[in-house]
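Asks: I would like the entire structure built from these sequences, with the hints used as guidance.
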Amino acid sequence: MELILSIAIGVLAGSGVWLLLRPRTYQVIIGLSLISYSVNLFIFSMGRLRSNAPPVLAGQTGNIADYADPVPQALVLTAIVIGFATTALFLVVLLASRGLTGTDHVDGREQQ
Amino acid sequence: MTGWAHHLIIAPILLPLVAGALLLLYDERRQFLKGVVNLISTLAMLCVAVTLLRFADGSTTGVYQLGNWPAPFGIVLVLDRLTALMLVLTSVLAIASLMFSLARWHKVGAYFHTLFQLLLMGVNGAVLTGDLFNLFVFFEVMLAASYGLVLHGSGQQRVRAGLHYIAVNLSASFLFLIGVALIYGVTGTLNMADLAVRIPAVTGNDRLLLEAGAAVLGIAFLIKAGMWPLSFSLLNAYTVAAAPVAAIFAILSKVGIYVLLRLSPLFFGAEAGTSEGFGSKLLLIGGMATLTYGMIGVLASQAMARLAAYSVLVSSGTLLTAIGFSDTGVTGGALFYLVSSTLTVSAFFLLIELIERGQDPAAGILAVTAEAFGDEDEDEAEAEAGVALPGTLAILGVCFGGCGILLAGLPPLSGFIAKLAMMVALFNPAETATGVSTTAWVFTLLLILSGLSALLAMSRVGIRVFWAPIEAVVPRVLIVEVVPIVLLLVLTLALTVQGGPVMRYMEDTAHALRAPTQYIQDVLSAPRVPAPGEGGAQ
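Chains as they are written, first to last, in this note's numbering: chain A, 37 to 148; chain B, -19 to 518.
Fair warning: there could be bad hints in the mix.
To be verified - Simulated restraints, written as ranges between beta carbons of each label pair:
1) A/Asp105 / B/Gln11: 48 to 54 Å
2) B/Asp186 / A/Asn99: 20 to 26 Å
3) A/Val117 / B/Ala283: 35 to 41 Å
4) A/Asp105 / B/Val416: 47 to 53 Å
Because the hints were derived from the structure by calculation, they are not lab data.
None of the values given here were measured: they were computed from a predicted structure.
Every residue, glycine too, gets a C-beta built ideally from N, C-alpha and C.
Replies: Below you can see the structure in the form of structure tokens.
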């Protein structure tokens, strides 16, 4: 389980960084989104993974070790919202840049 | 700090939030009303900040428990000397840049006033919070507002620089999150004071992970502060931003510096065991590299806005190096330098716009701006805005000279005292008795050289603008635009006149930062406020 998650995070982050370094604004924004997914998964995994545990603790008296850590879940929720909002904002700037410069190159002009 | 005054701690966050939301209710035709609301809110913020400064200087650390949960579990706001200092500095800059913008700049784009207030909210929140994740949230508030403001006035250059600025800062935010998550994963807490208690107990591989987390987190702050290889997007954003926006942005890089000042002694102070002083070598080397890069940039810049942007880097580099020394005396001097240099750079950004108004590049940008926003009635705007200033060139020249003296660090203004205080501390190291280190010599040399380069660059630009033209272009400048610049420069003069008390405050701040036991104790042992039902007054 740990291995699968780590590989998934790694692949997402790696593809994200590669896209971030590409010259087209659309690639940059997709790269940023991929990185944000990987970061969100990473935050989530900091609450420790647990396999074969019951999702609903009914009828058991409260043993704190049976519960998942709620803080990373709260953090990841906040991070998702903020990441979503800033990505939307970036999309607007991207469109403005496309409109003003007539190209989708990140520097606002095609390379010669 | 008891009773109602206790609630003042949260006022610097609530006030701009409410004002910013209120401003959204009015559309762009009510610019005058919006300006008034914005100004009132900012003035009120200054009053609150000054009151908080007096509290912070006298009593112990003020702790405000949100939701009335005690510190390691709930989120707290913490007010100490450094926080209060940053609050006052922010509100002073805000008033200056707001007054300046009211003459004309606030009309060249939508939602200027709302974004402005939200930016202030983000900065205030970031310096007040005592919790790492909340720091992230307030950083995002601040950055989101700054994304809007950097595009204020539109135009191709701003959009292009804004695109880079946003992409870099979004990536930095992800690094911030990774760092926070790693630190939480190892220690199980996000409260800064609680972290300081738990870090010494971390051992083995966990310590490696913790240091990795701190390093990733540090990179995020260094991007904000503009350390050398990470500062290129910052330079362009500062250069092309509208003048009042650039002036208030002077505080943004200082928020990165603030976090480093706060966290490095707290997390990696004397009690941190093997991690003591973690990262300070990097700060030393990176700071000096930034200082050198900024210095060369200052010498090489032809355009004044570029010169000012490089001055921001010089100031950041100086501060980063000073933090890297991990010495109480140097930190005290650095705090004085922080205030002085921020005021200077801010005044300089405002001044540049006035000087360049008559000349081609700035006029070009303004024209593009007007075209993009459909603002064709510039003549009308000039007619209604207020009284033009007599003797414009003389006053602008004096202000320019003041900025030059401040940037170069010459007496009698505060730039000199700040640099002197740092150098005195460098040559009298309090914490080690091993004499003056080589690094201290190099830093001193760089400090003097950076002053010299600023002096050279400023005289060159000054001669070109004020003396060389045969037919001097006299820009049309309103009194309301000069007042904020004069205000900022007079403040630096006041810092000199009141040098003793101010320096005393800075040294107390530095002592509290370097020995954070009191801070930790105050945050963790702050009592809950009894609920009305539980009896007993607050």
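Asks: Hints first: check each against the structure and report whether it holds.
Replies: Taking the hints in turn, this is what the structure says about them:
1. A/Asp105 / B/Gln11: 48 to 54 Å: Since the Cβ atoms of A/Asp105 and B/Gln11 sit about 49 Å apart, the hinted range of 48 to 54 Å holds.
2. B/Asp186 / A/Asn99: 20 to 26 Å: Given range 20 to 26 Å: holds, Cβ gap about 24 Å.
3. A/Val117 / B/Ala283: 35 to 41 Å: holds (40 Å)
4. A/Asp105 / B/Val416: 47 to 53 Å: holds (49 Å)
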